[in-house]
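Colleague: So you can see what is in the structure, the chains are spelled out below.
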Amino acid sequence: MKKLECPVCGGHLEVPDDAVSGELFEHDECGAQLELEVDENGDYKLKEAEEISEDWGE
Amino acid sequence: MKVGVAYDVIRWEERAIIEAIKKLGHDVRPIQVNKKIFWLTGVNGFSELDFVIQRCVSFYRALASTAIFEEQGTTVVNSFNVIRDCEDKLYTTLKLARNSIPVPRTAVSFSREGCVNVAEELGYPLVVKPIYGSWGRMVSRALDKDSLLEIIEFREYMQSPYFKVHYLQEYVDKPNRDIRAFYFWGEVPAAIYRVSSSWKTNTALGGVAVEAELDDELSEIVKKSGEVMGGGVLGIDILESRNERYLVSEVNAIPEFRNTVRVTGKDLAKIMIETTINNIKK
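In order, the protein sequence lines correspond to chains F and H.
Quick note on numbering: the working numbering labels position 34 of the first sequence as 34, and the sequence is numbered without any gaps.
In the working numbering, each residue's number is its place in the second sequence (first place is 1) plus 58.
It is worth saying that the hints were derived from the structure and are not from the lab.
Predicted model, so just to flag it, every value in this text is computed and none were measured.
We put the CB at the ideal spot given by N, CA and C, even for glycine.
Incorrect hints may appear among the rest.
Said to hold, decoys possible - Stretch-level coverage of chain H by chain F, calculated; a stretch enters the list once three of its residues show a Cβ under 8 Å from a Cβ in chain F:
1. 62–69
2. 84–98
3. 190–197
4. 229–243
5. 274–284
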């Protein structure tokens, strides 16, 4: 597991080692919906998940 | 096989699909389309893929990336035509009705006067839907002429031009549930009831999933609907009316299935990949 900082509350969140860029996580402590970003160097960081758009769905 | 998974965000379903591809012994290549550049005048490095499963939650990302994969020679499930046709409720209803699949009585009007005239035929209440959209978003029920005119007025002030295409449908007096059935390449692997005290039963709006019985009539309607829409891998929404039994309301080309797996125990991600590979090989 990788321990990452929540960009909303500054708390911490653990994500699995095999998590994929774009994977969604909810931070239990603050309720934020977060999205994993993996950069070209393979470094992980969390950002606030994109808001639901008009064309989202099934 | 080498299987691409096109996505913008990874939800439970995309994670399950990626794991299923690995467990079945195939190579998986996740493709986060919103982080990529796609050359229309050059190659994009997908030629080694046997096929791509399209899983973007954004319709326009799904459609655009599918067009690129397909035109550059990579098979996509579902195809460009299936994704486009299923997203458009006007076209879905038209296509199903033309092929004798039972659907709620539906009309389209481009004017407020036309909507009032349609309502006189359909009666109240009636349902007004955006022709694009999902999860029950902005689907409205007009209880009488006043509320219909209010709904149309709101739609006329919306910026997106497609809100000026008024899709009006009879309100089906169904039990407190509808049916979501899955169609995978000619088979119906699972179905659920979506139970709700609201007339909108989408699980995205709080509808509760319960495993549904698949009788022969339901299976046949699901299979025929899937065939008419050209799928692939589809989620088909069906209403139970008091008299006609089953009416197909919508067909979803990139269906969510987390709640169905939870209540049926069926490994839909695995079944999706297995049946897709079997059909791609044909």
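Colleague: Identify every previously stated hint that the structure contradicts and give their numbers, smallest first.
Modeller: 4, 5
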